[in-house]
Amino acid sequence: MRRIIGIASAILLVTLLVAWWWTSREPKPIALTPTLTGQVEYCLTCHSDLQEISPSHPVKTFGCVICHGGERLALNADLAHSTMRGGANPSDLSVVQASCGGSNCHSGSEAQNQDHIQRVMTSIQSTYAGAIANIRYSFGAQSSLKAQLGIFAVTDKNNISLQAFDPTAETNPMIQKFGTNCLTCHINATPRTEENFNRLTGCAACHTPNIDSFPKGQIHKLTTAIPYTQCNTCHNRGNYDLRTMTFVERTDQPLPNDRLHNYYQPIAQFTKCEYTLDCVDCHTRTEAMGDGQIYSKKTDIQYIQCQTCHGTPTQLPLTKTLTDPNDIAFRMAQLNPVVDLKIGDTILVTDKGEPLWNTRVLPDGTYQLVGKATMQTFAFKPVMGSHCTQNGQDQSSAYCHECHSVQR
Amino acid sequence: MPNPTRRDFLKLTTTALLAASGLLGLGGLLRFLDYQTEPPRKTDFDLGPASNFPMDSRTLLPDVPAVLIHNAAGFSALSLVCTHLGCTVEQNADGFACPCHGSRYDKNGDVQRGPAAKPLRALRIELKADSTLILHTN
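Protein sequences appear in the order of chains A and B.
In terms of our numbering, the first sequence is residues 522 to 929.
In terms of our numbering, the second sequence is residues -16 to 121.
Next comes chain B alone, as it looks inside the complex (with noise of 0.2 Å):
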C-alpha cells in the first residue's frame, strides 16, 4: 500500500482497536476464568532419597507439618497439627507440646494431657520403586 488514503488509514486503525478491545477482552476474561480464589492444598509432598532419613533418626517436616520417624518397623510419619484446634505443636524431649492451649503428647503421638482428646493424626508414607518417599496427607 504505498499511498494510502485517509480511508485506509481509518480502516486499519479501527481494526486495530477492534483487535487490541477483543485481544485485552479476552485476557480479562481468561484472567477471571483462572483466578483461583481458593488455591488446592497440597497433600502429596516428595521427601527424596528414603537414604537421606537414617535409622533411629525423627525428622521435622515444617512445611507439612509433620515428623517422619524412621525405626526398626520402618517408615512413618505423625501430623503436627494439634487435634484440639489446629495450632502446630512442638516437639520437645517427652514428644510433642502444643503451644496454644497446653496439649501433651507422648512420641507415638498419643495425648498425656488436654484439652486436645485425640493422638495426633498417623500420615501414610510411600516408598516408590526409585527409594524416594511420598508423605501423604489427605
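The shape of chain A in the complex, shown without the other chains (with noise of 0.2 Å):
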C-alpha cells in the first residue's frame, strides 16, 4: 500500500512541476481595461507592437475585443482567436455590424451622420446592384433596368428590397458565366490575385489602403485619406469583356507613382485636376458610400461635376461659412486634418449641400483646396470671369474635356 501512495505521490509530484514548467513558459499577460468596455482583455500580451489602429480608435479606450471579437482573458493563440469576427478584418460587410456597429458608432442615426453602414449596404458599391440589373436586362431575365437583385439581400431606409443574386439560379449561361467571372470588383467580393488588385474587403476595402507596404498580416490602420491607387484595386484596372463574359485586365501597366498615365484608362478623356487629385478630392462621401438608399446605376447617385468646384460662366460654385461648431465640416476635419477649419471659414459645398470641407474660399475670391491624401495644396479660379464660352446647362464629361483634356 505504502509503495502505492508512493508511486502516486511521486507521479502527481512530476505532474505538477511539469505543469509549473508548462505554466512559466507562457507569457506574463499584460492586461488593458479599454474605457469603453471597463472589461480587462489579454489581447496585448501578443500584439503590444501593433500600431495604433487610427486617431479615432485609441487601443486604451477601445481595446481589441469590441471591434475584433475573441477570447479577451485567452493566453493561447488559438483559443484566443477562435470566436474573431471576419478573421483579421472584422469589418467584412458579413460582420460589420457586429463589429462597427452601435448608435454611438457606425449605425447611428442619420441625423448624427452616424448611420456609415447602412449607408454602404444599401451602397451601389457593395450591392452590385446596376451591373446585376444590366446583364439580366441584356440577356432578356429581367424587363427593366430597375435593380431587382443585388450581391446580398438588403432593405434600404425607404423600405426598398433587393433580393440575393444567385447565379446558378439562372438559366441564361451568360448570366452564369457574369456570376462566376465578373463579381469581384465590389466591395465584399474577394479580390482577384493580381498585385493590383489587392486589397481588403468592408470598410478596410477603401479605409486600409496600401496593404501592399504592411508586412503580411501586420496591416492595422483605417483613414480617410484614401489615396486614388485604393480606388484603382476596382477601378481604372481594365473592362469586362460582356462578349466572352470575363475581365480583361489593362496591359499598360505604368509604375505606381505615375499618376497620369495610372489614373484613368487610355480610352478616357480627362483633365489636369482629374489625376493631380485624388478620387476622394472631389467625390463626397455619398457618391462613395451612398445614401442609404438602393439605386440602379452609378450617376444616380454620382453627381459631382466640373461646375461643383468652378461653377459656370454666369454662376460662382456654391459656397457655405461655417457657422455651426456641429456641422459635420469639422468632424470630417477631425478625422483627416489637412486644414485648420475654424468658425467664419468659408468652403464650397455641393448642390446636395455637402461640404467640400477641403476647399476654402480666399479673400481675393479664388478657391483653395488642400490634398487629402497628399496634402497638396493647389490654387484654382471660378469660370466665372474667365475667357470658358460653354453653356453652363451642359455639365456632361465631354463637355468641359473638349477644351480641357490632357494629352498623354
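Any given hint could be a false lead.
[As the list claims (entries may be wrong)] Footprint (simulated), chain A over chain B, 3 or more residues, beta carbon under 8 Å:
id : segment
1  : 3 to 15
2  : 83 to 97
[Unchecked claim] With a straight-line cut-off of 16 Å between C-alpha atoms, the simulated EDC-like cross-links for lysine to aspartate or glutamate are:
id : chain 1 : residue 1 : chain 2 : residue 2
3  : A       : Lys863    : B       : Asp77
4  : A       : Lys863    : A       : Asp848
5  : A       : Lys667    : A       : Asp821
6  : A       : Lys902    : A       : Asp885
7  : A       : Lys581    : B       : Asp46
8  : A       : Lys581    : B       : Glu73
9  : A       : Lys793    : A       : Asp779
10 : A       : Lys863    : A       : Asp845
11 : A       : Lys742    : A       : Asp613
[Claimed, not checked] Residues from chain A that keep clear of chain B, each with C-beta distances beyond 12 Å, as calculated:
id : residue
12 : Ser530
13 : Ser577
14 : Glu631
15 : Gln697
16 : Glu715
17 : Asn717
18 : Thr722
19 : Ala746
20 : Arg771
21 : Thr772
22 : Asn783
23 : Ala809
24 : Ala854
25 : Thr867
26 : Val882
27 : Asp915
These are calculated hints, taken from the structure and not from any lab test.
Since the model is a prediction, treat every value here as computed from it, not as a measurement.
Just so you know, even glycine gets a beta-carbon here, dropped at the ideal spot from N, CA and C.
Since each chain sits alone in its own frame, please combine them into the complex, following the hints.
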C-alpha cells in the first residue's frame, strides 16, 4: 500500500512540476481595461507592438475585443482567436454590424451622420445592383434596368428591397458566367489575386489603403486619407468583355507613382485636376458610401461635376460660411486634419449641401483645395470672368474635356 | 536514526514526496483562488497636501485622468474622459478637446461641439482633516 502511495505521490509531484514549468513558459499577461468596455482583456500580451489603428480608435479607449471579438482572457493564441469576427478583418460586411455598429459608432442615426453601415450596405458599390440589373436585362432575365437583385439581400431606408443574386438559379449561361467571372469588384468581393487588385473587404476595402506596404498580417490602419491607388484596386484596372463575359486587365501597367498614366484608362479623356487630385478630393462620402437608398446605376448617386468647384460662366460655385460648431465639415476635418477649419471659414459645398471641407474660398475670390491624401495645396479660379464660353447647362464630362483634356 | 534501514529511507522519501506534492497542490490552489482576471479599478486617489495646488491653478492628473481646479470657489475636479466614447480629452487654451472625434468642451466642461452630448463629469474632492486631498471617481 505504501509503495502505491509513494508512486502516486511521485507521479503527482512530477505532474505538478511539469504543469508549473509549462505555465512558466507562457507570456506574462499584459492586461488592458478599455474605457469603453471596462472589461479587462489580454490581447496586448502578444499584440503590444501593433500600431494604433487610427486616432479615432485608440486602444486605450476601445481595446481590441469590441471590434475584433475573440476570447479576451485567453493566453493561448488559438483559443484567443477562435471567436474573432471576420478573421483578421472585422470590417467585412458579413460581420460589420457586430464589429463596427452601435448607435454611438457606425450604425447610428442619419441625423447624426453616424449611419455609415446602413449607407454602405445599400451602396451600389456593395450591392453591385446596377451591373447585375444591366446584365440580366441585356440577356432577357428581367424586363427593365431597375435593380432587383444585389450581391446580398438588403432593404433600404425607404423599404425598397433587393433579393440576393444567385447565379446558379439563372437559366441563361451568359448570366451564369457573369456570376462566375464578374463579381470581383464589389466592396465585399474577394479581390482578384493579381498584385494591383490587392485590398481587403468591407470598410477596409477603402479605408485600409496600400496593404502591400505592410508586412503580411500586420495591417492595422483605418484612414479617410484614401489615395487614388486604393480606388484603382477596383476602378481603372481594365474592362469586362461582355462577349466572353470575362475581365480583361489593362495591359499598360505604369509605374505606381506615375499618376498621369495610372489614373485613367487609356480610352478616357480627362483634365489635369482629375489626375493631380485624388478621387476623394472631389467625390463625397455620399457618392462613395451611398445615402441609404438602393440605386440601379452609378449616375443616380454620383453627382459631382466640374461646376461643383468651378461654377459656370454665369454662376459661381456654391459656398457656405461655417457658423455651426457642429457642422459635419468640422468632424470630417478632424478625422483627416489636412486643413485647420475654423468658424467663419467659407468653403465650397455641393448642390446637395455636402461640404467640400478641404476647400477654402480666399479673400480675393479664388479658391484653394488641400489634397486629402497628398496634403498638397491647389489654387483654382471660378469659370465666371474667364474666357470660357461653355453652355453652363451642359455639364457632361465630354463637354469640359473638349477644351481642357490632357494629352499623354 | 544512526543506521537507517532501507525501509526507513523509503518511508522518509514517501513522506517527503507526499509533503512536496501537498504543498505544491496547495500553492496551485491558492494561486488559482487568488487569481484576479479583472482587478478592481482604483476609485480613490490621494493627491497629497492641498497646499501643492495654489489658488487659480488647474492641475492635470493623468493617472485618473482628471483636472484639479483650485479657484475662489474652492477645489473641484473634472474627469477628462470624453462623454462620447471615452477617449481622454486634452486641455487647451479654450477648454478641452477630444482627439478622437473632435468634441470640444469649455473650461467648465460644458459641450461646445459634438459628437459628445453631455458635459465632462464633475468628480468629488474631499479635503481631509490633515489638509490632504482625496479625489473620488465613483
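query = Is it true that the CA of Lys902/A sits at most 16 Å from the CA of Asp885/A?
reply = Satisfied, since the Cα-Cα distance of roughly 10 Å is no more than 16 Å.
query = Within 16 Å, alpha carbon to alpha carbon, are Lys581/A and Glu73/B?
reply = holds (15 Å)
query = Holds or violated: are the alpha carbons of Lys793/A and Asp779/A at most 16 Å from each other?
reply = Distance ~13 Å between Lys793/A and Asp779/A Cα, so the pair holds.
request  = Sort out whether Asp845/A lies within 16 Å of Lys863/A, counting only the CA atoms.
outcome  = holds (10 Å)
ask   = Is Lys742/A within 16 Å of Asp613/A, Cα to Cα?
value = holds (14 Å)
message = Would the hint linking Lys667/A and Asp821/A be met if the CA-CA limit is 16 Å?
response = Distance ~12 Å between Lys667/A and Asp821/A Cα, so the pair holds.
query = CA of Lys581/A to CA of Asp46/B, is that 16 Å or under?
reply = holds (13 Å)
ask   = In terms of beta carbon proximity below 8 Å, does the segment 3 to 15 of chain B have 3 or more residues touching chain A?
value = holds (count 5)
Chain B versus Val882/A - minimum CB to CB distance exceeding 12 Å, so not interface = holds (22 Å)
task = Please settle this one: Glu715/A was flagged as non-interface, so is its CB more than 12 Å from every CB on chain B?
result = holds (37 Å)
inquiry  = A cut-off of 12 Å on Cβ-Cβ distance, and Asn717/A was said to be off the interface with chain B. Does that hold?
reply    = holds (34 Å)
task = Could you let me know if the closest chain B CB is still more than 12 Å away from the CB of Thr867/A?
result = holds (19 Å)
Taken one by one, the earlier hints fail for this structure at numbers 12, 13, 24, listed in ascending order.
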